[in-house]
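Peer 1: Fit chain B to the known structure of chain A by using the hints.
There are 2 protein chains.
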Amino acid sequence: MSLSIAHLGPRGTNAETAAAIYKKHLRRGSAIEIKLCPYPGIAQTLWAVAQQTVDLAVVPVENSIEGSVAITLDTLWQVGTLKIHQALELPISHALLSWAQNLSQIRQVYSHPQALGQCQKWLDQHLPQVQLIASSSTTEAIQHLDPKGSMGAIASPRAGQLYQIPLLAPDINDYPDNCTRFWVVSLKPSLGGSHTSLAFSLPANVPGVLVKPLQTFAQREINLSRIESRPTKQSFGTYLFFIDIEADVESAEVQAALAELSSYTETLKIFGSYTILNADLGASPQSPGEF
Amino acid sequence: MSLSIAHLGPRGTNAETAAAIYKKHLRRGSAIEIKLCPYPGIAQTLWAVAQQTVDLAVVPVENSIEGSVAITLDTLWQVGTLKIHQALELPISHALLSWAQNLSQIRQVYSHPQALGQCQKWLDQHLPQVQLIASSSTTEAIQHLDPKGSMGAIASPRAGQLYQIPLLAPDINDYPDNCTRFWVVSLKPSLGGSHTSLAFSLPANVPGVLVKPLQTFAQREINLSRIESRPTKQSFGTYLFFIDIEADVESAEVQAALAELSSYTETLKIFGSYTILNADLGASPQSPGEF
Numbered sequence: 001m002s003l004s005i006a007h008l009g010p011r012g013t014n015a016e017t018a019a020a021i022y023k024k025h026l027r028r029g030s031a032i033e034i035k036l037c038p039y040p041g042i043a044q045t046l047w048a049v050a051q052q053t054v055d056l057a058v059v060p061v062e063n064s065i066e067g068s069v070a071i072t073l074d075t076l077w078q079v080g081t082l083k084i085h086q087a088l089e090l091p092i093s094h095a096l097l098s099w100a101q102n103l104s105q106i107r108q109v110y111s112h113p114q115a116l117g118q119c120q121k122w123l124d125q126h127l128p129q130v131q132l133i134a135s136s137s138t139t140e141a142i143q144h145l146d147p148k149g150s151m152g153a154i155a156s157p158r159a160g161q162l163y164q165i166p167l168l169a170p171d172i173n174d175y176p177d178n179c180t181r182f183w184v185v186s187l188k189p190s191l192g193g194s195h196t197s198l199a200f201s202l203p204a205n206v207p208g209v210l211v212k213p214l215q216t217f218a219q220r221e222i223n224l225s226r227i228e229s230r231p232t233k234q235s236f237g238t239y240l241f242f243i244d245i246e247a248d249v250e251s252a253e254v255q256a257a258l259a260e261l262s263s264y265t266e267t268l269k270i271f272g273s274y275t276i277l278n279a280d281l282g283a284s285p286q287s288p289g290e291f
Numbered sequence: 001m002s003l004s005i006a007h008l009g010p011r012g013t014n015a016e017t018a019a020a021i022y023k024k025h026l027r028r029g030s031a032i033e034i035k036l037c038p039y040p041g042i043a044q045t046l047w048a049v050a051q052q053t054v055d056l057a058v059v060p061v062e063n064s065i066e067g068s069v070a071i072t073l074d075t076l077w078q079v080g081t082l083k084i085h086q087a088l089e090l091p092i093s094h095a096l097l098s099w100a101q102n103l104s105q106i107r108q109v110y111s112h113p114q115a116l117g118q119c120q121k122w123l124d125q126h127l128p129q130v131q132l133i134a135s136s137s138t139t140e141a142i143q144h145l146d147p148k149g150s151m152g153a154i155a156s157p158r159a160g161q162l163y164q165i166p167l168l169a170p171d172i173n174d175y176p177d178n179c180t181r182f183w184v185v186s187l188k189p190s191l192g193g194s195h196t197s198l199a200f201s202l203p204a205n206v207p208g209v210l211v212k213p214l215q216t217f218a219q220r221e222i223n224l225s226r227i228e229s230r231p232t233k234q235s236f237g238t239y240l241f242f243i244d245i246e247a248d249v250e251s252a253e254v255q256a257a258l259a260e261l262s263s264y265t266e267t268l269k270i271f272g273s274y275t276i277l278n279a280d281l282g283a284s285p286q287s288p289g290e291f
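Protein chains in written order, with the working numbering: chain A, 1 to 291; chain B, 1 to 291.
The set of hints was computed from the structure by calculation and includes no laboratory data. Hints may contain errors.
[What the hints assert, rightly or not] Coverage of chain A stretches by chain B, computed from C-beta distances (three or more under 8 Å per stretch; other residues unrestricted):
| # | segment |
| --- | --- |
| 1 | 126 to 140 |
| 2 | 215 to 226 |
[Claimed, not checked] Subject to a maximum C-alpha distance of 25 Å in a straight line, what follows is the list of computed DSS-like cross-link-like pairs (lysine-lysine):
| # | chain 1 | residue 1 | chain 2 | residue 2 |
| --- | --- | --- | --- | --- |
| 3 | B | Lys35 | B | Lys23 |
| 4 | A | Lys188 | A | Lys269 |
| 5 | B | Lys188 | B | Lys233 |
| 6 | A | Lys212 | A | Lys24 |
| 7 | A | Lys233 | B | Lys121 |
| 8 | A | Lys121 | A | Lys269 |
| 9 | A | Lys233 | A | Lys83 |
| 10 | B | Lys269 | A | Lys121 |
| 11 | B | Lys212 | B | Lys23 |
| 12 | B | Lys212 | B | Lys269 |
| 13 | B | Lys188 | B | Lys35 |
| 14 | B | Lys121 | A | Lys269 |
| 15 | B | Lys35 | A | Lys121 |
| 16 | A | Lys269 | A | Lys35 |
| 17 | B | Lys212 | A | Lys212 |
For each residue, glycine too, the CB sits at the ideal point set by N, CA and C.
This is chain A alone, in the form it adopts within the complex (with noise of 0.2 Å):
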């Protein structure tokens, strides 16, 4: 039996790191053969599983500081056929890779948008006047750099061992408890668990609309982890909820609540219910290439 994950590429990105830990959890005492598919963009891993090119993807769909990854959202949305297997929560560190002698050679800094969104105040700080460069994924940044080091990337230290690019900065995350995390979707039925998610639309303009489609929850005390509204994109100040509930889909209060939710909804999309796993540092590689 094989398997294949989609991630945002190339190597050395955080999503390959999940996706890594996530082949390393599956693997554990079967003798399965898994193979991790690199794409550009997150909205193309997600439509690779839509279309069947590969079984899994691994995509971040939340960061500690600078909140949801959107483009995440609004394609589980668009997509409306994918499941969620598994939650993976990942301690990010990002480092200032360079082949410059000292920050004052630098001239423009490369990164995803979310990374350079979590170093701004030491950006801000140490490198004010520099040129910010918005790049696909954080390891795409790292082939923008010359070795005269007018240049910087900022991506994982991981990375900076695989290209073999010197750490010029480690540890330039601007809040210290840096966690990004990550769904496992697959086509397949989800395979149960602590969390639950989904989405709705909710009929517009109604006083309190939203506020029945959380008693639904808290009237059982199922408790609600999370909430994050994204526009509809058709008119303005309509807006798609995503929840995450602490519970099993299959339970029966949780039936139930569904039951009563799916009469305020306009659409309602469940994702499934799955477990977390954390991807603590005993659960990442010894090396930088071993996976």
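Peer 2: What follows is chain B alone, placed relative to chain A:
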């Protein structure tokens, strides 16, 4: 009497257009002298008001396609003392400006990350191979353009006129109903109006903790027009909630709701009440230079 208004610069940004429309609105029938002050970032414009360097700031808060402007919400919470004097809704039109003769010449496209996000499908379809480079504003992007035409900038048609750059492709927005809401903020008390904005944090890990805050408004038939969550940046899975309600903060129902609300929240910040100004084309300047 004179007034200074900070906005994301340089000249020609959508924030400057919004600031100019607000200036026109303020001047109607008064002899007030108003100066627009460009700043290099959104956070800087808000801190300039907090530190009394300027009287007002005009900042983007939400786009109908890309959603909330995280830096605006995060900075408003951090500053804590600013009040909203006016909301302003501006239709957004993005154009590709370049000296290129045709699209095939273009290798790099510069723009503000929100604008790149709002034209993502058009870029994927028409310029799939180009490098996308984040600039600090839509008009800062224009300063990178080369006479050979290997670069393009996404900005407003007005910015094209202002800087005399040819408009290579007009209306490249992925969704035609693209609209941005701006807030005018000040250190002075807000002026009252149809809408009130507030934000709060909640005690952690209590089931249904968000239901009671929302019920305080629903049971008084106060409509909630928007709810947005942002990470607290302190511990993963804890959030701030930003809420807009359709009522004046001085009304008896809202006062009662807020008194009850404050018993559920950890920290509650009220940004005041204001009216919404629709900045349709009639309200816009006739020529790009006229303000």
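Peer 1: Indicate, hint by hint, whether the structure satisfies it.
Peer 2: Results of checking the hints against the structure:
no.: 1; hint: 126 to 140; in the structure: holds (count 4)
no.: 2; hint: 215 to 226; in the structure: holds (count 10)
no.: 3; hint: B:Lys35 - B:Lys23; in the structure: holds, 8 Å
no.: 4; hint: A:Lys188 - A:Lys269; in the structure: holds, 15 Å
no.: 5; hint: B:Lys188 - B:Lys233; in the structure: violated, 28 Å
no.: 6; hint: A:Lys212 - A:Lys24; in the structure: violated, 42 Å
no.: 7; hint: A:Lys233 - B:Lys121; in the structure: holds, 14 Å
no.: 8; hint: A:Lys121 - A:Lys269; in the structure: violated, 38 Å
no.: 9; hint: A:Lys233 - A:Lys83; in the structure: holds, 23 Å
no.: 10; hint: B:Lys269 - A:Lys121; in the structure: holds, 24 Å
no.: 11; hint: B:Lys212 - B:Lys23; in the structure: violated, 40 Å
no.: 12; hint: B:Lys212 - B:Lys269; in the structure: holds, 17 Å
no.: 13; hint: B:Lys188 - B:Lys35; in the structure: holds, 18 Å
no.: 14; hint: B:Lys121 - A:Lys269; in the structure: holds, 24 Å
no.: 15; hint: B:Lys35 - A:Lys121; in the structure: violated, 29 Å
no.: 16; hint: A:Lys269 - A:Lys35; in the structure: violated, 29 Å
no.: 17; hint: B:Lys212 - A:Lys212; in the structure: holds, 11 Å
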